[in-house]
Amino acid sequence: MLKAMQSVLGLLMLLQSALASAGLSIEIIGAGEHQIPVAIVPMGGDEKLAQAINEVVSSDLQRSGLFRLIDPAGKLPHQPSEVSYPDWQVRGAEAIAIGTVTTQANGRIEARFRLLDVVKHIELVGQAVSVGDGQVRAIGHRIADLIYEKLTGDQGVFSTRIAYVNRQGKKFSLIVADSDGYNEQIVLTQNEPIMSPNWSPDGGHLAYVSFETGHAAVFVQSLYTNQRKLVADFPGSNSAPAWSSDGKRLAVVLTRDGGSQIYLMRPDGSELRRISFSGGIDTEPNFSPDGQYLLFTSDRGGSAQVYRMPVEGGAAQRLTFGGGTSYSPRHSPDGKSFVYTHLSGGKFSISLQDFQSGQSEALTEGGWEKKPSFAPNGKLILFASEARGRGILATVSSDGRVKQHMFTQSGDAREPVWGPRL
Amino acid sequence: MKKIIVSIVLLNLLAACASNKPQETAAASAPAAAVTAPVAAGGASTGATSATQTVVDALNDPKSILAGRSVYYPFDVAAVQDADKPLVQAHAKYLSENAKRTVKLEGNCDERGSNEYNLGLGQRRADGVQKMLELGGAKAAQLTSVSYGEEKPKAAGHEEAAWSQNRRTDINYAK
Chain A
1 MLKAMQSVLG
11 LLMLLQSALA
21 SAGLSIEIIG
31 AGEHQIPVAI
41 VPMGGDEKLA
51 QAINEVVSSD
61 LQRSGLFRLI
71 DPAGKLPHQP
81 SEVSYPDWQV
91 RGAEAIAIGT
101 VTTQANGRIE
111 ARFRLLDVVK
121 HIELVGQAVS
131 VGDGQVRAIG
141 HRIADLIYEK
151 LTGDQGVFST
161 RIAYVNRQGK
171 KFSLIVADSD
181 GYNEQIVLTQ
191 NEPIMSPNWS
201 PDGGHLAYVS
211 FETGHAAVFV
221 QSLYTNQRKL
231 VADFPGSNSA
241 PAWSSDGKRL
251 AVVLTRDGGS
261 QIYLMRPDGS
271 ELRRISFSGG
281 IDTEPNFSPD
291 GQYLLFTSDR
301 GGSAQVYRMP
311 VEGGAAQRLT
321 FGGGTSYSPR
331 HSPDGKSFVY
341 THLSGGKFSI
351 SLQDFQSGQS
361 EALTEGGWEK
371 KPSFAPNGKL
381 ILFASEARGR
391 GILATVSSDG
401 RVKQHMFTQS
411 GDAREPVWGP
421 RL
Chain B
1 MKKIIVSIVL
11 LNLLAACASN
21 KPQETAAASA
31 PAAAVTAPVA
41 AGGASTGATS
51 ATQTVVDALN
61 DPKSILAGRS
71 VYYPFDVAAV
81 QDADKPLVQA
91 HAKYLSENAK
101 RTVKLEGNCD
111 ERGSNEYNLG
121 LGQRRADGVQ
131 KMLELGGAKA
141 AQLTSVSYGE
151 EKPKAAGHEE
161 AAWSQNRRTD
171 INYAK
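These protein sequences, in sequence, are chains A and B.
In this text, residue positions in the first sequence follow the working numbering: the first is 1, and each later residue adds one.
In this text, residue positions in the second sequence follow the working numbering: the first is 1, and each later residue adds one.
A few of these clues could be false.
[Unchecked claim] Quick list of in silico lysine-lysine cross-link-like pairs, DSS-like style, CA-CA up to 27 Å:
id	chain 1	residue 1	chain 2	residue 2
1	A	Lys171	B	Lys85
2	A	Lys171	B	Lys104
3	B	Lys85	B	Lys175
FYI, nobody ran anything at the bench for these hints, they're computed from the structure.
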């Protein structure tokens with residue numbers, strides 16, 4: 001009963017933060033079961049930079065659903081010696097973040113940050129973070145990661161990046177952005193479709209499908225030099241690139257020998273060999289973290305479902321059953337579960353299945369929710385959704401409790417994928 | 001023969017009413033009528049008997065069955081439906097008699113399913129039409145098939161009226 005009340009309260013709680021600096025807006029729905037109370041004190045030094053950092057840190061922590069922000073209410077210590085612990089204990093804070101930020105003579109921005117334990121009166125972490133001019137958001141994400149790691153024990157993912165496709169009329173753009181959707185960078189823009197971006201494990205390359213040659217072909221592009229290589233361009237369709245976690249292999253789907261089948265190659269397109277042999281559509285391969293298995297979508301049993309097979313060959317095992325069809329499976333970072341898109345009763349939703357129990361649970365209530373991918377810490381899942389008639393990016397916590405909608409500036413956001421931790 | 005043409009036209013009209021199919025004509029995409037072109041596609045050409053005695057490429061005749069350039073499907077199905085078989089067979093006959101003409105078969109899907117699954121399904125649809133054209137006498141060298149999956153929808157909207165138009169293989173003649 002208490003749990004039910006909490007989730008109702010969570011749903012009622014709708015936080016909206018629209019920052020004026022970009023045309024992006026973020027809505028957060030729900031809250032985690034146990035929220036850690038933490039006070040983020042605006043930093044001393046440069047007031048404008050401090051304000052910017054405070055906004056990033058606060059919205060990162062709120063989006064995770066795991067923190068409750070305590071209002072500093074006029075108390076603004078910047079050094080440990082200035083902190084009066086009883087004041088913060090009274091307000092219920094378990095930890096307090098303080099620090100200073102300045103612009104150096106060489107133009108770089110430097111922040112000195114400390115996280116203090118209000119109960120034990122000790123410093124949990126202290127760090128100086130320095131970035132180039134104009135990268136103040138990166139400082140905020142780094143500080144949010146440090147707070148998240150110290151107080152939850154899990155890796156922070158706020159400093160990671162995401163990739164997605166933005167469609168505006170007939171114009172398609174491949175975009176890389178910060179994990180909160182800000183700091184968008186265009187990797188490729190064209191008037192032909194772009195599909196299925198996928199990160200190399202080192203975060204340095206994107207593989208994707210482009211129709212610029214008149215049909216679906218697979219490209220690999222460096223995010224450092226922007227140089228790109230056409231790695232699969234056989235007759236028919238070439239698609240669904242997926243990297244192995246050691247970065248040495250790329251799984252792709254080709255129709256050159258009949259229907260859509262899965263092949264392995266090196267990321268430069270060499271050493272191609274077929275590894276699936278069915279009369280159906282086998283697509284959307286995804287390597288297990290240990291590189292031993294592939295999850296994929298297949299209609300070999302009559303309808304699209306999720307299957308798993310050993311990379312080196314062997315029988316495929318069907319994993320999704322029951323009503324409806326299932327697509328786009330992706331392993332969790334620990335390899336113990338996978339997320340996928342479930343279509344049932346005309347509604348798409350994001351589901352999670354535990355390998356050991358074989359049990360699936362819906363993480364979203366259903367609508368137009370597609371193409372999930374895990375954050376590198378396994379705690380959040382990014383997917384494509386729709387709201388107010390537009391394709392948007394969304395996240396849900398892996399326990400399904402906290403949801404977030406990210407509205408990009410314009411057009412439809414689709415095919416999102418969370419990048420690795422660098 | 002006239003009876004057959006009339007019934008095909010009726011069938012097309014009925015199909016249009018049932019599923020909001022767009023009325024397709026070749027006029028916009030086909031080149032200007034070739035005066036010296038051979039009489040093509042047998043009885044399907046109605047222009048050949050016109051008073052002026054002009055020989056018209058049946059491909060450019062809006063009244064010909066060849067004016068239809070799209071094959072439609074039920075959800076998650078790639079087999080050419082009975083209603084569209086006469087259309088595909090007429091194109092096969094035309095291609096077999098006009099060896100210099102080439103077509104690109106473009107498979108499309110509605111937005112239900114994943115983008116990648118639909119890319120596979122669209123390819124299967126285009127390949128299915130290609131196979132039927134080959135069985136009807138067209139040469140493999142005249143045909144290429146591609147899939148656009150759900151990436152190039154003709155109609156927008158999350159409802160059957162749009163979806164039925166997007167589940168489609170287009171028979172696209174090179175100019």
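Hints, one by one, checked against the model:
1. Lys171/A <-> Lys85/B: Given that 27 Å is the threshold and the Cα spacing comes to 35 Å, the pair is violated.
2. Lys171/A <-> Lys104/B: Holds, at roughly 23 Å.
3. Lys85/B <-> Lys175/B: holds, 24 Å
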